[in-house]
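Below are the chains, spelled out letter by letter.
Protein chains: 2
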Amino acid sequence: MTPTTTTTTKTMKALVFFGAKDIRIEDRPFPQIQEPTDAIVKITAACLCGSDLHPYRGSTSPKPGYIMGHESISEVVSVGSAVKTVKPGDEVIAVFTTQCGHCFYCDRGLSSKCDQSVVFGTSALDGFQAEYARVPLADATLKLKPEGIPDLKLVLMCDIFPTAFFGVKNLLNKFEPEQRTDLVELQMGCGPVGLLAIIIAKALGVKTVFAVDYVTERLKLAEKFGAIPINLKTEDVDAVLKKATDGRGPDGVLEVVGSKDALDTAFKVVRYGGVINSIGYQHSDLPFTGLDCYLKNIILQFGRCPAASLFDESLEVFKKVQGLLDGFVDLELPLSSAVEGYELFDKQGARKLIFRPHDLTEPVHHEHK
Amino acid sequence: MTPTTTTTTKTMKALVFFGAKDIRIEDRPFPQIQEPTDAIVKITAACLCGSDLHPYRGSTSPKPGYIMGHESISEVVSVGSAVKTVKPGDEVIAVFTTQCGHCFYCDRGLSSKCDQSVVFGTSALDGFQAEYARVPLADATLKLKPEGIPDLKLVLMCDIFPTAFFGVKNLLNKFEPEQRTDLVELQMGCGPVGLLAIIIAKALGVKTVFAVDYVTERLKLAEKFGAIPINLKTEDVDAVLKKATDGRGPDGVLEVVGSKDALDTAFKVVRYGGVINSIGYQHSDLPFTGLDCYLKNIILQFGRCPAASLFDESLEVFKKVQGLLDGFVDLELPLSSAVEGYELFDKQGARKLIFRPHDLTEPVHHEHK
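Chains D and B supply the protein sequences, listed in that same order. For the first sequence, the tail end lands on 350 under the working numbering, and the numbers increase by one without skipping. For the second sequence, the tail end lands on 350 under the working numbering, and the numbers increase by one without skipping.
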């Protein structure tokens, strides 16, 4: 099935990256099937993710001109001839990367390292903050929308819930099964990924989770989800943890911030033989030496979540905890307000927000229940 | 039971560290019970380990005056009042560190990080290259000599066999069980620990082990034990591995050398999502950044082997592979020839050698069968 001739001349609205603090709603050509494995989707909801702020803030400088966003729920409009698992009319959720689904890495649960893995909403591939989008490798990238989960929650499954699950799972599986429930975990960072990681850690039975941040509102939610909050501004992280662990430090640290400072704190406080799992985008040198690592008997893990590989497994946990996620997405905006949405998100005026490219004209606020 | 008055005035022969390339056989006081948890042992065999060469070569500079060596088989002469598991007359093997046996770390299989863990043959604790030695925390440090294993093989259980086992076990347990047998492993270094690690990896079912070194004799043994040798001097490690793995690189790397160069090679060649386990004594900065780690989805593990914790588990594997270890220790010397022994070992004139402080007057050579 290919788009009709009329669609090739249509345009659509899209949020385009031009440079730091320079993003614009523009008219763009309606996306076309380019490969037999492509699908074209009509965006129902496109999320704004913390990592969209890297180019927005100028901390990365990608080649401009691309459509932003890598989290979406959508409806399939047309599919290429080789697409087998979705058809026009299907409601779907896209994971934040493309992948082939059948290579060495895809077979081993590491879809984020598939040769054909590209992140949506980058200079390499237009994203979802638009009315429509092209989805390459649709069979492995689009998942049929599961029953009974409202879009406002389901969007978390595009990236940040599987990412948080990836972090917690890989932290836990470094310990013998009989040690897992008694673990003292430290989490560096309580943004959206961090809060979900607390929910997941508790759901997977971790007894004690300490959560570090400097934003009071985030720490309140961390506590609500079962963590013991530590405010970086007013408390001595190391002292609090030493007191709680007979002077040893936590067994494992989940680092979700992606900063060298957070990794430095993680390394300093973790106990001998402990585990640091960094799911943040680490982009500096490392704040410890080989000798430090040897002396600490440390285990370290880094890297990008393979959301396609982990989708089904993390969805099972998602279904169990979704009752906690009312109001997690706290703002819906029409796509026409996307520029204002970025400004607000940048200033932490919203925790997690989505754009509705169709059928929404006014902002809708949600409160955490 | 305490030593008799006569023993307190006795002296014994011991190899003492004075500085780089300055070690001497000296008369030392006969060791005494100092704590109720101590034992005094008569050394039957004391091994020379690669790490003894660090101070000998001047690459570390410990405070001089201590008796060297941390690998021994011995007979218990006397024990303090609190010692329960060994008695005078017992033939025993000592692991290379002391440990309490019942703290948080000892309970979790990490005896090398026990608060009371001290390495024998350092400025902190006299070692075993002597006629007699004091063994603190004897209950957790001395193991009754298992039946049916000759001393010439059993000495490997003091340190290097458990250390090699620690490395291989921790490399394998980072992979899902169903992936373990198909692994392509790279091993950096084919000294004694490296050769044992090859034997262990093959015994645990690893299909393909590549082994890197630049010493032809070592590479020949590596091949004999089932590895595919790569000569650093004449071959391109990365190219060989890429060719064998469809361009990906090995799944895991065991780094037994403890050099920054070896770790650098390990990181460069390992595949995405791969594992590097470094059991070498890393003492430099790290040859990769946080961004490198993120992009590689790497898992890293470092640190000293908890030989006491792993003794029983590694002994089970040892019993299965001991048939391969005839001639692994290739030289026995009287303790009076210890200075010459160090010189020879330093020049790789012997693979693994032991000193016999009693009942040996001439060197005995063994050939690998």
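Do not take every clue at face value.
[To be verified] Covered stretches of chain D (in silico footprint by chain B; criterion: 3 or more residues with CB under 8 Å from a CB of chain B, positions within the stretch not fixed): (1) 67 to 79; (2) 190 to 203; (3) 244 to 258; (4) 274 to 283.
[To be verified] Away from chain B, derived, C-beta distances all over 12 Å, residues of chain D: (5) R229; (6) P287; (7) G330.
Keep in mind the hints are simulated off the structure, nothing from the lab. Beta carbons: idealized from backbone N, C-alpha and C, even for Gly.
Evaluation of the provided hints:
| no. | hint | result |
| --- | --- | --- |
| 1 | 67 to 79 | violated (count 0) |
| 2 | 190 to 203 | violated (count 0) |
| 3 | 244 to 258 | holds (count 3) |
| 4 | 274 to 283 | holds (count 10) |
| 5 | R229 | violated (7 Å) |
| 6 | P287 | violated (8 Å) |
| 7 | G330 | holds (29 Å) |
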